[in-house]
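*Asks:* Protein sequence lines correspond, in order, to chains A and E.
With this note's numbering, letter number 48 in the first sequence gets 97, and the count goes up by one each step, no holes.
With this note's numbering, letter number 114 in the second sequence gets 223, and the count goes up by one each step, no holes.
Quick caveat, the hints were computed from the structure, so don't treat them as lab data.
Check before you lean on any hint, since a few could be wrong.
As the list claims (entries may be wrong) - Straight-line alpha carbon distances no greater than 20 Å define the calculated EDC-like cross-link-like pairs of lysine to aspartate or glutamate that follow:
no.: 1; chain 1: E; residue 1: Lys385; chain 2: A; residue 2: Glu330
no.: 2; chain 1: E; residue 1: Lys165; chain 2: A; residue 2: Glu381
no.: 3; chain 1: A; residue 1: Lys248; chain 2: E; residue 2: Glu149
no.: 4; chain 1: E; residue 1: Lys129; chain 2: A; residue 2: Glu381
no.: 5; chain 1: E; residue 1: Lys230; chain 2: E; residue 2: Glu286
no.: 6; chain 1: E; residue 1: Lys206; chain 2: E; residue 2: Asp358
no.: 7; chain 1: A; residue 1: Lys153; chain 2: A; residue 2: Glu381
None of these values were measured; they are calculated from a predicted model.
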Amino acid sequence: MPGRVAMPKQPPGERRKNFREVALGLTPELAVAEARRCLQCKNPPCVTGCPVQVPIKEFIGLIGQGDPAAALKRIREKNLLPAICGRVCPQEVQCEAKCVWAKKGEPIAIGALERFAADHGAADAAQPGRAVASEASPAPAASTARPSRARVAVVGSGPAGLTAAAELARHGYRVTVFESLHAAGGVLRYGIPEFRLPKSVLDAELDGLRRLGVEIECDVVVGQTVTLEDLWAEGFRAVFVGTGAGLPHFLGVAGENLNGVYSANEFLTRANLMRAYEFPETDTPIRTGRRVAVVGGGNVAMDSARTALRLGAEQVMIVYRRSREELPARREEVENAEEEGIEFRFLQAPTRILGDERGQVVGLEVQRMELGEPDASGRRRPVPVPGAEEVIPVDTVISAIGQGPNPLFIRYTPGLATTAGGQIAVDENGETSLRGVFAGGDIVTGAATVILAMGAGKEAAHQIHRRLEGQL
Amino acid sequence: MFPIIARREIAPGIHSLWVKADRVASKARPGHFVILRLHERGERIPLTVVGTEPEKGLVWLIFQEVGKSTAELAGYSPGDALLDVVGPLGQAEPAGKVGTVLCVGGGVGTAPVLPRAREFKAAGNRVIGIVGARNRDLLILGREMEETCDRVYFCTDDGSFGHHGLVTDLIPLAQAEHGPVDRVLAIGPVPMMRAAVAKCGELGLPVTVSLNALMVDGTGMCGACRVTVGGVTRFTCVDGPEFDGAQVDFGELSARLRQYAAEERLAAERFAARRKGGECQCRGA
Ligand code: FES
Numbered sequence: 050m051p052g053r054v055a056m057p058k059q060p061p062g063e064r065r066k067n068f069r070e071v072a073l074g075l076t077p078e079l080a081v082a083e084a085r086r087c088l089q090c091k092n093p094p095c096v097t098g099c100p101v102q103v104p105i106k107e108f109i110g111l112i113g114q115g116d117p118a119a120a121l122k123r124i125r126e127k128n129l130l131p132a133i134c135g136r137v138c139p140q141e142v143q144c145e146a147k148c149v150w151a152k153k154g155e156p157i158a159i160g161a162l163e164r165f166a167a168d169h170g171a172a173d174a175a176q177p178g179r180a181v182a183s184e185a186s187p188a189p190a191a192s193t194a195r196p197s198r199a200r201v202a203v204v205g206s207g208p209a210g211l212t213a214a215a216e217l218a219r220h221g222y223r224v225t226v227f228e229s230l231h232a233a234g235g236v237l238r239y240g241i242p243e244f245r246l247p248k249s250v251l252d253a254e255l256d257g258l259r260r261l262g263v264e265i266e267c268d269v270v271v272g273q274t275v276t277l278e279d280l281w282a283e284g285f286r287a288v289f290v291g292t293g294a295g296l297p298h299f300l301g302v303a304g305e306n307l308n309g310v311y312s313a314n315e316f317l318t319r320a321n322l323m324r325a326y327e328f329p330e331t332d333t334p335i336r337t338g339r340r341v342a343v344v345g346g347g348n349v350a351m352d353s354a355r356t357a358l359r360l361g362a363e364q365v366m367i368v369y370r371r372s373r374e375e376l377p378a379r380r381e382e383v384e385n386a387e388e389e390g391i392e393f394r395f396l397q398a399p400t401r402i403l404g405d406e407r408g409q410v411v412g413l414e415v416q417r418m419e420l421g422e423p424d425a426s427g428r429r430r431p432v433p434v435p436g437a438e439e440v441i442p443v444d445t446v447i448s449a450i451g452q453g454p455n456p457l458f459i460r461y462t463p464g465l466a467t468t469a470g471g472q473i474a475v476d477e478n479g480e481t482s483l484r485g486v487f488a489g490g491d492i493v494t495g496a497a498t499v500i501l502a503m504g505a506g507k508e509a510a511h512q513i514h515r516r517l518e519g520q521l
Numbered sequence: 110m111f112p113i114i115a116r117r118e119i120a121p122g123i124h125s126l127w128v129k130a131d132r133v134a135s136k137a138r139p140g141h142f143v144i145l146r147l148h149e150r151g152e153r154i155p156l157t158v159v160g161t162e163p164e165k166g167l168v169w170l171i172f173q174e175v176g177k178s179t180a181e182l183a184g185y186s187p188g189d190a191l192l193d194v195v196g197p198l199g200q201a202e203p204a205g206k207v208g209t210v211l212c213v214g215g216g217v218g219t220a221p222v223l224p225r226a227r228e229f230k231a232a233g234n235r236v237i238g239i240v241g242a243r244n245r246d247l248l249i250l251g252r253e254m255e256e257t258c259d260r261v262y263f264c265t266d267d268g269s270f271g272h273h274g275l276v277t278d279l280i281p282l283a284q285a286e287h288g289p290v291d292r293v294l295a296i297g298p299v300p301m302m303r304a305a306v307a308k309c310g311e312l313g314l315p316v317t318v319s320l321n322a323l324m325v326d327g328t329g330m331c332g333a334c335r336v337t338v339g340g341v342t343r344f345t346c347v348d349g350p351e352f353d354g355a356q357v358d359f360g361e362l363s364a365r366l367r368q369y370a371a372e373e374r375l376a377a378e379r380f381a382a383r384r385k386g387g388e389c390q391c392r393g394a
């Protein structure tokens, strides 16, 4: 039995200097070979690991038969954003973890195949990455949708909002998505870098939504530009709130407001949304510095570190207070970062950021840690090693230690109940304390993954449908 | 797109701009700001809303040419449009009736002061204006302030108009001439706000300032706009832009405002050179 196919990638020495996509996508030959490794289980366990129940076995079977177009159609019955999911879902802990081949360490490359179907399944697609842009046929259910059902507003155009919008549009609702930034996509736009999710792929998926009849209105901060009251007055019958976990946490150590200290959100937004890497051809600057420390161990930390490298930093370090085993980032992204030359400093926790007389960062003081007893999360808790401190000379510190809920919609929507953590409180149907207002994604769960937010958006769409049909 | 309805240079390098943005116009209150973007390559520029005409969907902004983007905006006229205008942003707590209010504007900072002065007046307060600038030419909105306030004091750094000196000199004077002051609002360049806060501290007057921190999104998402207020990190865009002046770490604010000084200079020089166009190249050849 042949082993799991390896995703072709740009060589590390090359890709660390450009923003082009790192993973190049499977060739048709590789895809067919990989698809044929699939055992086509009678009761496929893989699908139980998928938050949106993509018919994995079926679409892989179609790829194996050399029909990516049919495969894409099958995927789209459950997931309208496959080109994105195929790229950014953590398949290794979801579908691929359940694959029967996983026991042998060689699960089917389901993510790579999903991406292949998305990139190659559209009409006359030839090149990875641009395939979806030329897609001719809209999603299947569009033609069967009954037109002119009620209007539904979606607040936020991140993964949860886009998925909810797509599902609602398929049910025939007239959907308007409101986005506060000048471009749609939420974290897919401002957070995930081009080299992991090309903006052309996102744009193509957004075009697909527009073909379903979804309207996307940017530059609207719901709560301030329009209030919930206004939405009811404008004739919306239900609202889905997917405003995400947008509020960055800082380190809470001295020096966190020095020049040269960024939240990962700011650093990535300047680079991705504002295209600061083209400055001065674009107007938004970014200061990367020569030596960069990124604090945190998740995907956002990896994205920040790899972006800093591509912006010209000479040395980029990940500073993480636990050890390699506890890194929450996807293994693939950790490997990519290491191949590109990112250094990892494990078991070190920042205690202070040092600045010069002009208020510019010159160093990061860290405390050495060791692993103690397991904490509430089951991971061993890092505890300080007495007397073991060190100052790392750096020009830039990027804080990638997580985000809290964005406060704006909540603040300006009276009567909306929240949890102790500041998230929006919902009942078992995803409905908030305000009738007709549903919420899902990171604004409800706290920062999680793209696919979980998509799952929440999809589920909320069904509940909204039930509510509007009078079944709830 | 958000069409520009009017643009006029009201003082050297300071422009008044009316832009059509219906939703913003219907929602903006004194204290709010907007973020605009000129074009696809443009940065996000925060500007305080000076006024609105909600029936016509118009928003009034005032800006000073301080860098590349504002210099470029100064070249826009009716017929042009801004790519993005988003808002209103920030917290805009309504001004209540407090008694006597000093409204102090320094330079282009008089623009955000005016709507608050109008609001204080409408709420039944006695409103005393203090308007300062480097020289007579750079004084703005004098007439509007005079129409709004019970009394307006003017000053210039060079003595070309009004009192020869700083706005801080006029705070005690206004207090002496008009009796007890209940509240001060001071908006302008950081050194001016810092000095006004110090003066108010001496006089025991509560003072509110409005901060012009660097911003990206303006919705609490990035933290670029963070400032230390009362020893705590706050985000100017969602927690402000108005704060209790006595609590603000102005030293940190000025350092943060200089963060991209080199890049800003580079962009401005390139823009100026390109504007001159052929002329430069001819000389070079
Ligand atoms: S400007 Fe980004 S949080 Fe305030």
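*Asks:* Please flag the earlier hints that this structure goes against, numbers listed from lowest up.
*Replies:* 2, 4 and 6
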